[in-house]
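*Asks:* Here the protein sequences line up with chains A and B, keeping their order.
Residues in the first sequence are numbered from 1 upward in steps of one, following this note's numbering.
Residues in the second sequence are numbered from 1 upward in steps of one, following this note's numbering.
It is worth saying that the hints were derived from the structure and are not from the lab.
Okay, derived cross-link-like pairs now, DSS-like style, lysine-lysine, Cα gap no bigger than 30 Å in a straight line:
hint, chain 1, residue 1, chain 2, residue 2
1, B, Lys43, A, Lys79
2, B, Lys43, A, Lys183
3, B, Lys43, A, Lys74
Remember, it's a predicted structure, so these values are computed and weren't measured experimentally.
Read off the chains here:
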Amino acid sequence: MPTVLVTGANRGIGLGFVRQYATEGWEVIACCRSPQSADDLNALATQSATSSGGRVQVEQMDVADHASVDALAKKYAGKPMDVLINNAGVPGPRGDNREFIFKQMFGTIDYAAWDDVFRINTMGALKVSEAFAENVAASAEKKIVAVSSTMGSIQEGTMPVFIYGSSKAASNWVVSMMAHELKDRGIIAMTFCPGHVRTDMGGPEAPVEVEDSVSGMRKIIAGLTLDDTGSFKRFDGETVAW
Amino acid sequence: MDVADHASIDALAQKYVGTAMDVLINNAGVSVPRSANGEHRLKQTFGTLDYTAWDNIFQVNVKGLLKVSEAFVENVSASSDKTIVALSSTMGSIQEGALPVFLYGSSKAAGNWIISMLAKELKERGIITVSLCPGHVKTAMGGPIAPIEVDDSVAGMRKTIAGLTLDDTGSFKRFNGETVAW
Chain A
1 MPTVLVTGAN RGIGLGFVRQ YATEGWEVIA CCRSPQSADD LNALATQSAT SSGGRVQVEQ
61 MDVADHASVD ALAKKYAGKP MDVLINNAGV PGPRGDNREF IFKQMFGTID YAAWDDVFRI
121 NTMGALKVSE AFAENVAASA EKKIVAVSST MGSIQEGTMP VFIYGSSKAA SNWVVSMMAH
181 ELKDRGIIAM TFCPGHVRTD MGGPEAPVEV EDSVSGMRKI IAGLTLDDTG SFKRFDGETV
241 AW
Chain B
1 MDVADHASID ALAQKYVGTA MDVLINNAGV SVPRSANGEH RLKQTFGTLD YTAWDNIFQV
61 NVKGLLKVSE AFVENVSASS DKTIVALSST MGSIQEGALP VFLYGSSKAA GNWIISMLAK
121 ELKERGIITV SLCPGHVKTA MGGPIAPIEV DDSVAGMRKT IAGLTLDDTG SFKRFNGETV
181 AW
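Pulled out of the complex, with its shape left as it was, chain A reads as follows (with noise of 0.2 Å):
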């Protein structure tokens, strides 16, 4: 079976892609911070080493701490992966009341919180894409995706939350310049906009349930060809302009 290799897979979207690949049967290497905490995921791993579904193996792995993302790539140099999920991401400062936004927003911006965001969903995303790119140009599928957001859009950003939504637009750049630099191999990179989830980023109020935004996903991975390299869609397969 295929395999892919899910970042921030502890909960939310990043769970939900965990336990749908399972369930088809992928071997699932699922990643988190903090693995003795994860109780949903390892629940998961555990069910799935006597369910008929595919094995899920968690691994420690902060995308903000590339010590720990060279470490487990050396753990699977040479292992084909399918699909990355560069899925891993952070809201922004987090804060009681709606201190939280204030801290994203043009006039009260909390610069010293800005660090974390960039470097977590930004800077992760392109490093963990760097040290398994040889695990994905190994495999049959040879996919790459991000989960970003529609707030990362220039074109199609309304929410002026300058923290996370410069932290997107930087990444979708990223994602697009790696898919023209690993085209020539095979490679397929693109970015998705998951939705408004019902996470612990997207609040109890989001319309999207983290089944349906990533069944949708998951639908689009599967289809993905080499034409689709570059591209930045919503879960329900609309392209999203830069």
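Go by the hints and put chain B onto chain A.
*Replies:* For chain B alone, coordinates are given in the frame of chain A:
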């Protein structure tokens, strides 16, 4: 003023409180410094990326741009021309950028998003915000074989700036006035 040192920005903003500023030009920007052996290129190339260098570029090109705009927005708002420009680059365009210079290019893409969102945020106050590509200019960053002279690039951008109206806010233009795709 060092745009990566926010205390220096705040100090200058305090010094100029109440001074109307017609045009704010966010020009300060860095890439990986050129090295004779070409090592600077490897630091921005997929497979040999230098993440520490990226951090430095991000502090100046992305955070610096927004911090300076934030610090002087009242000055711009109090002026008659009310214009904020950022020197970006076609290399930061997702649709037109063709050079795989990962650190610099992505920093300019983030800068373009910021300028575009600033345009939306500040339009009601009559402030015009645009990104400019200066062309490939003969500077320390552009290198000695760059085809465009500083004088020509600047003259072109000044002409473009002089002709800006609120309808142009949120646009991305080359120094010669052509539109650059995002």
